[in-house]
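> The primary structure of each chain is shown beneath.
There are 4 protein chains.
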Amino acid sequence: MEINGVIIEDTFAEAFPIWVSRILVTAATERLAKIAATEATGFGCSVIMCPAEAGIEKYVPPTETPDGRPGYIIQICHPKKSELEHQMLERIGQCILTAPTTAAFDAMGDEAEEQLKVGFKLKFFGDGYEKKDKLGDRTIYRIPIMSGEFITESKFGVKKGVAGGNFFILAENQTAALVAAEAAVDAISSVDGVITPFPGGIVASGSKVGASNPKYKFMTATTNHKMCPTLRDVVEDSEVPEDVNGIYEIVIDGISEEAVKEAMKVGILAATKVPGVKKITAGNYGGKLGKYQIKLHDLFE
Amino acid sequence: MEINGVIIEDTFAEAFPIWVSRILVTAATERLAKIAATEATGFGCSVIMCPAEAGIEKYVPPTETPDGRPGYIIQICHPKKSELEHQMLERIGQCILTAPTTAAFDAMGDEAEEQLKVGFKLKFFGDGYEKKDKLGDRTIYRIPIMSGEFITESKFGVKKGVAGGNFFILAENQTAALVAAEAAVDAISSVDGVITPFPGGIVASGSKVGASNPKYKFMTATTNHKMCPTLRDVVEDSEVPEDVNGIYEIVIDGISEEAVKEAMKVGILAATKVPGVKKITAGNYGGKLGKYQIKLHDLFE
Amino acid sequence: MEINGVIIEDTFAEAFPIWVSRILVTAATERLAKIAATEATGFGCSVIMCPAEAGIEKYVPPTETPDGRPGYIIQICHPKKSELEHQMLERIGQCILTAPTTAAFDAMGDEAEEQLKVGFKLKFFGDGYEKKDKLGDRTIYRIPIMSGEFITESKFGVKKGVAGGNFFILAENQTAALVAAEAAVDAISSVDGVITPFPGGIVASGSKVGASNPKYKFMTATTNHKMCPTLRDVVEDSEVPEDVNGIYEIVIDGISEEAVKEAMKVGILAATKVPGVKKITAGNYGGKLGKYQIKLHDLFE
Amino acid sequence: MEINGVIIEDTFAEAFPIWVSRILVTAATERLAKIAATEATGFGCSVIMCPAEAGIEKYVPPTETPDGRPGYIIQICHPKKSELEHQMLERIGQCILTAPTTAAFDAMGDEAEEQLKVGFKLKFFGDGYEKKDKLGDRTIYRIPIMSGEFITESKFGVKKGVAGGNFFILAENQTAALVAAEAAVDAISSVDGVITPFPGGIVASGSKVGASNPKYKFMTATTNHKMCPTLRDVVEDSEVPEDVNGIYEIVIDGISEEAVKEAMKVGILAATKVPGVKKITAGNYGGKLGKYQIKLHDLFE
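Residue numbers (the numbering used here), protein chains in the order written: chain A, 185 to 485; chain B, 185 to 485; chain C, 185 to 485; chain D, 185 to 485.
Calculated directly from the structure, the hints in this document are not laboratory data.
This structure is a prediction, so every number in the text was calculated from the model and none was measured.
Careful, some of the hints might be misleading.
Said to hold, decoys possible - Not the full set, but computed from the structure, chain A residues with beta-carbon under 10 Å of chain C: (1) T213; (2) E214; (3) R215; (4) P250; (5) D294; (6) A296; (7) V369; (8) L453; (9) P459; (10) L473.
Stated by the list, open to error - Calculated cross-link-like contacts (lysine-lysine; reagent style BS3-like; alpha-carbon spacing at most 27 Å): (11) K242(B) with K242(C); (12) K242(B) with K305(A); (13) K218(D) with K242(C); (14) K410(D) with K475(D); (15) K449(B) with K318(D); (16) K318(A) with K399(B); (17) K399(B) with K472(B); (18) K218(D) with K242(B); (19) K463(A) with K457(D); (20) K218(B) with K457(D); (21) K318(B) with K315(A); (22) K401(A) with K410(B); (23) K305(A) with K399(B); (24) K410(C) with K242(C); (25) K218(D) with K401(C); (26) K301(D) with K399(C); (27) K218(A) with K457(C); (28) K457(B) with K316(D); (29) K315(B) with K344(B); (30) K218(B) with K339(B); (31) K399(A) with K318(B); (32) K410(C) with K316(D); (33) K264(A) with K472(A).
Cβ atoms here follow ideal geometry from the backbone N, Cα and C, with glycine treated the same way.
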């Protein structure tokens with residue numbers, strides 16, 4: 185299959201279940217909301233070594249938020265529900281409660297499979313001076329803080345979502361792959377329900393499970409040597425085409441397989457529009473590890 | 185003491201020793217370096233609940249970096265040296281190695297008290313295909329990745345620095361305190377050797393050790409109720425002046441007491457220039473907990 | 185009338201007809217589109233002294249643009265249609281054609297009252313090497329440039345819109361008025377069909393027609409002395425309330441009176457949510473100069 | 185000559201005299217200063233069709249500004265001194281005076297060859313309520329405005345500088361040339377005394393004087409067809425190498441030939457570090473039009 189002259193390989197992305205939370209961070213201005221959202225989702229690329237996977241999903245204008253202020257929906261994700269709750273407490277408590285003029289609301293809504301009492305636990309920061317209240321239908325806590333008052337919803341919904349949706353952008357050089365990756369991330373950012381948790385949404389250093397080097401067996405993940413352009417003539421099992429010198433990967437987490445599929449579709453389309461892109465493929469483990477297999481060709485039927 | 189009509193209270197900030205690393209993150213462009221630096225320093229406000237304290241110290245132009253590309257110096261800090269090394273591995277490995285076009289160099293230089301072999305450990309990601317090399321006087325590793333090559337210095341210097349330098353900005357309303365806090369952070373950003381690890385450099389919700397509410401004794405930190413404007417007429421021990429309705433705190437970590445002092449000085453000066461600011465004070469524990477006592481009045485002698 | 189405790193004065197904003205163009209600037213990435221949109225709309229606050237009134241209206245995701253790339257809709261406005269065409273030629277020709285990876289499309293669509301042949305005139309830059317083509321239903325020109333190819337639609341629709349929709353935010357100090365103004369601009373940015381052409385969308389120095397000082401009669405506009413807080417006790421006709429020390433104005437241009445009204449409504453609502461805001465009013469000339477009179481109270485019926 | 189494997193052509197950039205002003209725009213915060221600086225320098229790429237050439241030169245920390253607030257130095261340039269004064273009046277009056285919390289100071293200092301009474305003329309906006317004052321050695325006016333007070337220095341120094349310093353980046357594709365151009369602009373931004381006036385500092389559509397097409401003789405400038413990759417096999421006089429598919433130009437204005445040379449040097453060096461860049465050349469008119477001839481090879485001796 186070709187799209188805009190770019191080969192779409194007949195393969196699939198292998199993805200995994202993950203617990204997902206969606207938190208709406210509002211603030212006095214869009215800029216202040218973004219500061220909090222950025223801090224709260226930092227150090228959140230992959231649970232291989234980060235304590236959570238996290239990212240900014242989308243902007244919500246003040247006309248559509250519970251408190252009439254601008255906000256960003258962020259996702260915090262973790263394979264274990266108990267760890268997710270822990271991460272939500274820490275990230276909301278340390279990165280949103282501490283940020284200027286913010287409030288935190290549940291944004292999972294009716295999609296939630298379970299409710300975590302994260303706001304209920306955060307309220308203890310109020311030292312007994314906090315107040316339980318209602319904002320529309322939402323149960324909230326008003327916590328007195330030095331700059332005024334922090335509002336958090338009492339419960340935050342979580343659900344089983346999908347982690348590790350992905351595709352690879354192969355291009356004639358690094359910069360073409362990079363600009364295509366940025367274009368893909370831009371396109372994905374307009375899809376509801378998904379995040380691209382890596383820095384700027386882009387993975388520069390895709391990995392494989394374990395190590396091929398017998399001396400490095402202690403490593404749980406090492407560089408995807410088959411896809412490293414500088415190793416094309418060094419390793420026997422290179423899969424880097426002759427005309428490819430730069431590869432970036434996009435990794436997508438989301439609240440559902442449908443959302444992740446839509447993100448992959450618009451992301452791939454966007455990437456194929458950048459001159460110099462040669463091929464799109466995806467990462468999988470032969471179907472042995474992940475629950476979800478998202479075939480690239482199916483996205484465009 | 186008054187500066188620009190703002191009262192500077194005769195008190196001191198109580199600060200603590202912390203292990204500090206300084207890492208230079210370079211990239212093809214300033215913007216790409218900032219993406220990596222931001223991700224790597226996220227979720228890094230306070231070790232009360234974050235896994236590290238981290239922030240961007242300053243921009244370094246391409247004419248002054250080892251690889252002639254633009255970069256940002258970040259600091260990652262932790263009270264325990266072993267935990268700092270762990271955090272450096274995770275944050276460089278997950279947030280810089282994975283970010284487009286980056287490289288990581290030691291920026292502590294001669295100030296270092298010890299060297300951590302962080303790059304040496306990161307190299308195992310190369311699965312044996314990495315190469316040891318020299319860049320000027322620096323020992324580096326060249327690790328093949330999907331987008332090209334990641335360069336990391338082998339060792340990163342660390343030293344005992346200072347955490348928790350701080351001051352409080354009291355203003356007639358929340359917005360005046362906020363703009364003053366932003367002005368303070370802007371001023372501090374031009375001081376070498378320091379970071380302001382909270383979101384946007386600002387703390388909206390300063391805390392005290394433990395809880396005053398007997399039912400909340402399980403909490404290690406709760407809201408600084410004496411400094412909450414909404415509790416002025418509620419608690420008996422309020423220290424919020426009558427004309428104050430918003431308070432933000434600035435927290436500073438740095439490589440030395442001198443650097444933190446300089447940051448406090450220029451930050452306080454900047455804050456006093458914003459209309460509506462009434463008073464500057466600082467947080468301490470009566471001198472019982474911290475090694476460092478930085479007197480506000482001494483800063484301006 | 186009071187909203188969120190803020191007085192809404194019973195007055196009206198007086199606005200004027202203006203010719204409006206809506207241009208969609210696309211680029212390889214959202215960031216590159218914004219660079220071009222920002223340059224093209226700069227030096228475009230008020231036709232009192234700027235050559236046009238211009239601003240960024242909104243972001244358009246790649247799934248909704250003619251070329252499948254992200255873009256921004258900008259508006260360029262001028263009271264005279266011939267001058268508008270001139271400005272469009274100059275701003276597209278110098279600030280979009282010259283910007284990396286951009287294309288320019290009409291975004292007025294069916295709302296247009298007239299078509300200006302701006303793309304047709306820009307094509308001459310191609311020195312005869314340009315090609316006429318179709319992109320969907322749109323007639324475009326492909327102009328060869330050093331970095332590749334610039335695409336511009338042949339014709340751009342214009343219509344009579346509304347300039348000078350406005351409201352004033354009066355607050356207890358400058359920073360409260362400023363943050364409220366920023367919140368207003370954030371809210372307005374989600375309304376289709378409008379721009380806020382001043383720097384950051386905010387007017388710090390509202391003016392009156394002419395001068396009251398007999399020696400300054402040569403001035404076409406001077407400071408709105410009745411609304412200057414520092415002149416409250418200096419001038420006899422001050423209209424600054426006792427508890428007000430900072431005032432910002434928001435000025436709105438748009439494709440229709442309805443769009444401008446909606447912008448004023450959501451902007452005022454947002455401003456009233458910021459602590460310290462006391463009153464909202466609007467600027468008019470007693471109804472003598474402008475075609476449109478937008479009553480503040482009518483917005484909230 | 186080769187640098188980092190990139191051919192540096194043995195040619196020269198041809199540059200022109202221009203009148204240059206340097207204005208320091210300060211504000212309550214760095215962000216607010218940048219908003220004003222951006223608006224004031226917009227629509228300011230080339231005097232071919234823009235009313236001025238303008239750009240942001242550099243950030244100045246609050247410790248180094250006359251009012252102790254953060255600021256940006258901008259340059260506004262025009263071949264005619266009278267037109268420059270006109271542009272300064274309009275851009276300061278409409279884009280800085282109107283922007284939140286700003287002040288405007290001369291930043292040309294002792295380098296000035298003449299003083300323009302721009303602040304003196306702006307003061308009339310005060311309608312007689314303005315006050316002449318001193319700030320250190322500087323003569324300033326305090327103009328009452330709705331948001332508080334605007335401070336402008338009375339006189340602004342101007343001098344004969346250099347416009348049109350330039351180089352071309354030829355790369356194997358558009359994205360490599362683009363990222364190299366961004367890297368060049370980043371490097372140049374750390375050189376004192378220069379601006380890169382085009383959008384994002386980059387020219388996507390370099391031009392030649394006049395037209396080669398006999399039917400287009402009315403055009404003063406058309407596409408540089410010899411350097412258009414898509415015309416390589418179309419025109420007889422193409423100068424695009426076989427392996428080049430994207431070319432961006434960097435244009436530099438500055439206060440002196442030395443400053444422009446330094447900018448060209450660091451910019452070219454930065455560009456050569458981006459993979460995929462093949463060649464650096466420069467634009468000239470055979471030495472017939474410009475006063476300055478800056479030889480590329482001389483920069484690296």
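> Tell me the numbers of any earlier hints that the structure contravenes, in ascending order.
4, 5, 6, 10, 11, 12, 21, 22, 24, 25 and 29
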